[in-house]
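Protein chains in written order, with my numbering: chain A, 1 to 274; chain B, 1 to 280; chain C, 1 to 361.
In case anyone wonders, no lab produced these hints; they're calculated from the structure. Beta carbons: idealized from backbone N, C-alpha and C, even for Gly. Do not rely on the hints blindly, as some may be mistaken.
Beta-carbon label-pair distances, calculated as ranges [as the list claims (entries may be wrong)]:
{"id": "1", "chain 1": "C", "residue 1": "Trp70", "chain 2": "B", "residue 2": "Asp166", "range": "50 to 58 Å"}
{"id": "2", "chain 1": "A", "residue 1": "Ala105", "chain 2": "B", "residue 2": "Met80", "range": "51 to 59 Å"}
{"id": "3", "chain 1": "B", "residue 1": "Met80", "chain 2": "A", "residue 2": "Val218", "range": "41 to 49 Å"}
{"id": "4", "chain 1": "A", "residue 1": "Gly137", "chain 2": "B", "residue 2": "Val64", "range": "23 to 31 Å"}
{"id": "5", "chain 1": "C", "residue 1": "Ala116", "chain 2": "B", "residue 2": "Met80", "range": "36 to 44 Å"}
{"id": "6", "chain 1": "C", "residue 1": "Ala129", "chain 2": "B", "residue 2": "Val97", "range": "44 to 52 Å"}
{"id": "7", "chain 1": "B", "residue 1": "Pro53", "chain 2": "A", "residue 2": "Pro210", "range": "17 to 25 Å"}
{"id": "8", "chain 1": "C", "residue 1": "Leu304", "chain 2": "B", "residue 2": "Asp88", "range": "51 to 59 Å"}
{"id": "9", "chain 1": "A", "residue 1": "Val218", "chain 2": "B", "residue 2": "Ala24", "range": "56 to 64 Å"}
{"id": "10", "chain 1": "C", "residue 1": "Glu104", "chain 2": "B", "residue 2": "Met80", "range": "37 to 45 Å"}
{"id": "11", "chain 1": "A", "residue 1": "Arg163", "chain 2": "B", "residue 2": "Thr108", "range": "50 to 58 Å"}
{"id": "12", "chain 1": "B", "residue 1": "Met80", "chain 2": "C", "residue 2": "Glu233", "range": "47 to 55 Å"}
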Amino acid sequence: MTRARTLPALAMLALLVAFVAPPTGRAATGATSQTLQVFAAASLADAFNDLGRMLEQRHPGLVVRFNYTGSQQLAAQLEQGAVADLYASADDRWMSYAKDRGLVAGDPWLFARNRLVVIVPKTNPARIQKVQDIAKGGIKIVLGADAVPVGRYSRMVIRNLSRSEGFPSDFATRTLANVVSEEENVKSVVSKVQLGEADAGIVYHSDVTPAVARYIRVFEVPDSVNVIASYPMALVRGGTAPEAAKAFMELVLSAEGQRVLERHGLMPVAASNP
Amino acid sequence: MPGPATRCPPTPSLARIGTLVAGALLLGFLALPFVALLLRVTPGELLSRLRGPVVLDALRLSFVTSLAATAIVVVLGVPMAYLLATRDFPGKRLVEVLIDLPMVLPPTVAGFALLMAFGRAGLAGRALEAFGISLPFTTTGVVVAQVFMAVPFMIGPARAGFTNLDPRLLDAAATLRARESFTFFHVALPLALPAILAGIAMSGARALGEFGATITFAGNLPGSTQTMPLAVYVAFESDLDAAVALSVLLLVMAFGLLLGLRAAPVGSFWGQHRARAQGR
Amino acid sequence: MLELKVASRLGAFQLEAELDAADHSVTVLVGESGSGKSTLLRCLAGLVRPERGRIVVDGEAWFDAGTAVWRPAPERAVGMVTQDYALFPHLSAAENVAFGLRAERVPALERRQRVAAALERLGIASLAARRPHELSGGQQQRVAIARAIVLEPRLLLLDEPLSALDASSRRVIRAELRRLFDELPCMTLYVTHSPAEALSFGERIVVLESGRVSQSGPREQLMRSPRSPYVAEFLGVNLFRGALAGGASGGATRIALPQGELEVAERGGEGDVTVVVRPREITLALERPAGTARNVFEGEIEELVPEPPDGELVRVSLATHPPLIAEVTRQAVAALGLSPRRRVFASFKAAGVIVVGEPGG
Chain A
1 MTRARTLPAL AMLALLVAFV APPTGRAATG ATSQTLQVFA AASLADAFND LGRMLEQRHP
61 GLVVRFNYTG SQQLAAQLEQ GAVADLYASA DDRWMSYAKD RGLVAGDPWL FARNRLVVIV
121 PKTNPARIQK VQDIAKGGIK IVLGADAVPV GRYSRMVIRN LSRSEGFPSD FATRTLANVV
181 SEEENVKSVV SKVQLGEADA GIVYHSDVTP AVARYIRVFE VPDSVNVIAS YPMALVRGGT
241 APEAAKAFME LVLSAEGQRV LERHGLMPVA ASNP
Chain B
1 MPGPATRCPP TPSLARIGTL VAGALLLGFL ALPFVALLLR VTPGELLSRL RGPVVLDALR
61 LSFVTSLAAT AIVVVLGVPM AYLLATRDFP GKRLVEVLID LPMVLPPTVA GFALLMAFGR
121 AGLAGRALEA FGISLPFTTT GVVVAQVFMA VPFMIGPARA GFTNLDPRLL DAAATLRARE
181 SFTFFHVALP LALPAILAGI AMSGARALGE FGATITFAGN LPGSTQTMPL AVYVAFESDL
241 DAAVALSVLL LVMAFGLLLG LRAAPVGSFW GQHRARAQGR
Chain C
1 MLELKVASRL GAFQLEAELD AADHSVTVLV GESGSGKSTL LRCLAGLVRP ERGRIVVDGE
61 AWFDAGTAVW RPAPERAVGM VTQDYALFPH LSAAENVAFG LRAERVPALE RRQRVAAALE
121 RLGIASLAAR RPHELSGGQQ QRVAIARAIV LEPRLLLLDE PLSALDASSR RVIRAELRRL
181 FDELPCMTLY VTHSPAEALS FGERIVVLES GRVSQSGPRE QLMRSPRSPY VAEFLGVNLF
241 RGALAGGASG GATRIALPQG ELEVAERGGE GDVTVVVRPR EITLALERPA GTARNVFEGE
301 IEELVPEPPD GELVRVSLAT HPPLIAEVTR QAVAALGLSP RRRVFASFKA AGVIVVGEPG
361 G
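So here's chain A without its partners, still in its complex pose (with noise of 0.2 Å):
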């Protein structure tokens, strides 16, 4: 082989390498720079955005990232091997899902509440004036699949009105019939209700951002038949920085940290072991 073609030669070759060395991996666990990765459920973005960078300010060198969607995916994302410090879901079920598979380290704790609440948009197509009227024929309700916590409450919510006074017994039936789309999220059931798409969804309360208020109405329903979400979080076994993740943990469960939730909607527990 001539000299000429040696150089091209090793040149691919070290591109080959390249390509095919495993990836080193996530960066070292060191005093200067740490990431907490955070698997959160959809509802939780904007509390938790606003306590992740309230940590990263206490903690130097601390970055915070989150995953956040529909809790059940995290749960899967989490058995297929995802790597994750922290995994906060909307509902018990998911959370018993994960700690059944032995995917988090340690005991669930309770942080936050939410309830569930009935929304629809400003310019109220359907026209619906009172929560009975979603039962009316023809309109466009969008909720959570049932795999998705929001989904699974919401169903209990509509059933549990239509055992309770002032609304006909075939309102959950007929309420049921108007799903015309069943989201993998909690978030894309508010865009569309926003956007004027679904005549109507039912969300977290939580949910109703400033930013989101602007385009829609909302219909409370009574605590006797709501469903009070109540949002578990742990740490995920196999995580790079579990002192990062207990500091965030001990964040959240502090009275600042439930101020902060309170003010994106959610509601507070007291702090302690469920």
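Position chains B and C relative to chain A; hints supplied.
Relative to chain A, chains B and C alone:
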């Protein structure tokens, strides 16, 4: 002088080895996910899943919508490809960019844009509502999303097919009293058919696999908008085995589509003409 | 009746051509590649729109820049046959021939009859079901011709139709075309760069040089008085320019050329003249001839080129002063043992030197 020359096999150069290794790596990288998927489910399991209503619904929806979408893409796309291949006009560049846009846009963004345009409160959607036509949350909406995303995959190959037409044949047709439309149907189309079939395969496969724009624009409801890709996504969270089964099904469908159209006998027919033209 | 006068940009130069053709005529268009012949044909076919001028066929304006009339190709009664046949590869021979009839929506029965008749006429009826790639070059060309004439065009355009064929096919089809042109009622325009084809078809020859018609007229006229070196060389004629240089012995007049001297039959006058010597008039001999020829030149043979189509005649180029091209038979070449570098004597009579163009002009 040395003795009679013996033919030694040429020692492979480093470049050649490098290329082979790169090729093997790439193929391995592409094949492994498919193989892993196939190994997770047995044919028996697959068949039993097929009988479930969710799978049947998704299968039917995928089949119907991608067929309709592909048909629309052909009818709208082939003439456009012909125009692009044979004409120059002001704004042609812009048209080309517009057509390629769905290919580079993240599907969810595309779905969102579709909502802005054709949603109930959308630019054109408002007018459609007046006629009683509503696209989001409907099967028609699924077709719309698929058409939007699949168009560039048809126009690319079809345009290349028309561009490769021998202009002398088109000239000859003109001198034989053929107006442009006659020439299109009797000369251009038959000769560009292999390329158009390739376009059908690509756009069909794209429509079949469409997810982001569909779930954003048309929504997700079993029986009316939950196509196979959406069903896989949903199953992934609740029933992993069902997800695997559905994925394998989708894989087999796409595989069949691409293989079938590539093996079409049409290609070999013109192949003879091409071979001779090159040999001349 | 065809009247054409067009002007258009043609690459590096201008195409400015004017020509007429009468009914039932065959006009041959010759010129070097790039001279504009094919463009001219495409203008007539309606595939290219000239910038200026008019094309009138049978009193109808197919093109008139002045009144912005432009009839595109499908609306013209033309038939076109090109060098590469341009047969549709996905159609059989019969379907190719039927193409134009289908485009005109001729009813099926009539269409079948006309196609059969055209195929029969070109002697390819047995090949009707074959695809172009299953046909030889000559057969393909016949299909192309049938395809054009089945439409009964007013104007038949042929763009070097035989140049892609081998010598024997060319000969055969040329003869058939000759017969065909005699029978067809249309006006035929035949483009070629081959002198043999030009001479066998063209009652009228139009020569295009650099986009302009340098000469046009009946074949004999061109051969008698070619107006440019290209025409002369194309038709195989020796063309010289020189000055009348006074009398020579025996009633001849000398003409001084840059490369030598010729003697022409006595004439008066002074000044420059252009003269032509037909190659056929030149006799070759191995020894100096002692005959009546007044013009005798000695020189080496440069090249021996059999004349198309069948090589019965041979053009001999001689490095004489002036250089000459003689035309002799193949047998003569063999008999004399002529070969390149052989020294020979070329001779011709003073009467064989034809003055074209007047002295001073």
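Comparing the hints with the structure gives:
1. C:Trp70 - B:Asp166: 50 to 58 Å: For Trp70 (chain C) and Asp166 (chain B) the Cβ distance comes to about 25 Å; the hint is violated.
2. A:Ala105 - B:Met80: 51 to 59 Å: At roughly 58 Å between Cβ atoms, Met80 (chain B) and Ala105 (chain A) fall inside 51 to 59 Å, so the hint holds.
3. B:Met80 - A:Val218: 41 to 49 Å: Check passed, 47 Å falls within 41 to 49 Å.
4. A:Gly137 - B:Val64: 23 to 31 Å: 27 Å, holds
5. C:Ala116 - B:Met80: 36 to 44 Å: For Met80 (chain B) against Ala116 (chain C), whose Cβ atoms are near 40 Å apart, the range 36 to 44 Å holds.
6. C:Ala129 - B:Val97: 44 to 52 Å: Since the Cβ atoms of Ala129 (chain C) and Val97 (chain B) sit about 47 Å apart, the hinted range of 44 to 52 Å holds.
7. B:Pro53 - A:Pro210: 17 to 25 Å: 43 Å, violated
8. C:Leu304 - B:Asp88: 51 to 59 Å: 52 Å, holds
9. A:Val218 - B:Ala24: 56 to 64 Å: Between Val218 (chain A) and Ala24 (chain B), where Cβ atoms are some 59 Å apart, the hint holds.
10. C:Glu104 - B:Met80: 37 to 45 Å: Once the Cβ atoms are compared, 29 Å apart, the range 37 to 45 Å for Met80 (chain B) and Glu104 (chain C) is violated.
11. A:Arg163 - B:Thr108: 50 to 58 Å: 38 Å, violated
12. B:Met80 - C:Glu233: 47 to 55 Å: For Met80 (chain B) and Glu233 (chain C) the Cβ distance comes to about 53 Å; the hint holds.
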